[in-house]
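S.K.: These protein sequence lines are chains E and S, in that order. All residue numbers for the first sequence refer to the working numbering, where the first residue is 19 and numbers rise by one. All residue numbers for the second sequence refer to the working numbering, where the first residue is 2 and numbers rise by one.
Any given hint might turn out to be false.
As the list claims (entries may be wrong) - One-sided excerpt, in silico: chain S residues whose CB lies under 8 Å from chain E:
(1) E69
(2) E75
(3) Y76
(4) V137
Simulated from the structure, these hints should not be mistaken for lab results. The beta-carbon is built from N, C-alpha and C at its ideal position, and this holds for glycine as well.
The lines below spell out each chain.
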Amino acid sequence: MEQVQLLGMWLSPYSYRVIWALQLKGIAYEYIEEDLSNKSPLLLQCNPVHKKIPVLIHSGKPICESSVILEYIEEIWPQNSLLPCDPYERAIARFWIKFADDKGPIVWKICGTRGEERQKVIEESLEMLKTIEEHGLGDKKFFGGDKISMVDIAFGGLAYWPGVIEKVLGRNLLEAHKFPRLHAWTKNFKEVPEIKENLPDFGRLLKRQT
Amino acid sequence: MGEENKVILHGVWASPFSKRVELALKLKGIPFEYVEEDLQNKSPQLLRCNPVHKKIPVLVHNGKPIAESLVILEYIDETWKNSPRLLPKDPYKRAKVRFWTSFVQQQLFDTMFTVTKTEGEAQRKAVKEVSEKLQVLEEGIKELFPNGNPCIDSQNIGLLDIVILSLLGPHKVQEEVLGIKIIDPEKTPLIFAWLTAINQLTVVKEATPPHDKLVALLKFLRENSLKSSA
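Generate the whole structure from the sequences, applying the supplied hints.
M.R.: Right, here's the structure in full:
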């Protein structure tokens with residue numbers, strides 16, 4: 019049997035992207051939690067360029083960068099496909115995955131900043147959420163339609179992190195009346211069984227931020 | 002050109018991102034209409050086709066727009082399956098190409114912009130960073146060119162070749178304007194040989210503006226940058 023290992027870290031939404039993809043496709047894998055303050059020789063050997071998680075190791079071959087890993091998983095295990103068949107629809111999906119990669123991380127910067135800088139980061143985050151709300155989701159249940167796809171996985175961190183950030187800030191970020199589509203999407207996303215069973219513990223995340 | 006299968010590229014001649022798409026279309030022999038955009042006065046078509054970023058390049062195929070150069074390149078490869086294939090067939094090799102493309106895009110592009118747009122200590126720091134990253138790339142591409150000799154032709158040229166060309170293809174222009182060695186054949190012999198090979202392709206030569214025009218452009222952009230940060 020092919021061996022699949024995932025080097026990950028519970029705090030990282032990029033690590034969870036890979037977990038969700040493997041779970042949705044029903045692929046058996048060994049999960050290895052990395053201590054990023056004491057990186058394993060295996061991690062350093064598998065990702066000498068960036069020394070980062072996640073890393074997927076398939077039959078001894080390492081693949082790095084979560085978006086690259088997601089495309090690899092889709093190509094090797096095509097069941098329960100996470101990308102559309104049509105090239106144009108795939109291009110739209112990849113556009114939004116790139117958006118999630120490039121613009122999504124602004125949200126993670128909120129807790130690490132203070133004062134004026136924090137205000138600026140919050141405003142940028144709200145702008146980013148507004149763009150997704152207006153252009154990305156439409157009136158669909160998920161980004162690709164009725165079924166969960168790679169785009170939802172790419173944005174997955176937005177389904178749980180804003181809740182943590184809101185508790186830390188003491189103010190709302192992803193408000194239902196301002197972002198009705200995105201708000202509904204966070205619920206739809208977290209109700210998918212493979213996602214629901216694979217989310218980091220809220221209390222543990224909150225403790226880490228405070 | 003008939004309406005069916007009509008391809009339009011909204012681009013800017015000076016943009017490396019635009020150049021990538023132009024090159025991919027030419028390499029695959031795909032007829033297209035080119036629309037040069039004025040970034041100070043963007044066309045209504047561009048704003049309609051890319052409402053999220055309002056940027057070029059945008060490819061419009063059969064009336065449907067696609068934005069983001071790397072997304073466009075993958076779309077081109079999936080839609081027009083003739084040679085050259087921009088990505089290899091094998092999933093692991095595809096992952097390697099995507100990994101190094103991401104590396105060039107995220108690690109090298111911005112730092113190179115800093116090199117061209119700054120001076121003094123800021124520039125020295127950026128040059129050092131570029132040099133370090135080029136060493137990493139030099140090491141990394143050894144597995145892509147196992148015989149140590151990048152033989153690139155119009156049938157095997159791919160995504161990563163197009164991306165590295167868009168950034169460092171004009172390295173001689175960059176070196177002339179900046180007075181700095183960017184690609185040293187002694188420090189990064191493989192990258193140097195790789196860029197030389199790509200630059201020699203007829204399609205690439207024909208798509209590259211004349212040396213003097215590029216020198217003038219880079220000087221202009223650099224002077225503007227230095228003035229606005231002074």
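S.K.: Each hint needs a verdict: does it hold in this structure or not?
M.R.: Comparing the hints with the structure gives:
1. E69: holds, 5 Å
2. E75: holds, 6 Å
3. Y76: Holds, about 4 Å.
4. V137: Because about 6 Å separates V137 (chain S) from the closest Cβ in chain E, which is inside the 8 Å limit, the hint holds.
When each numbered hint is compared with the structure, no violation occurs for any of them.
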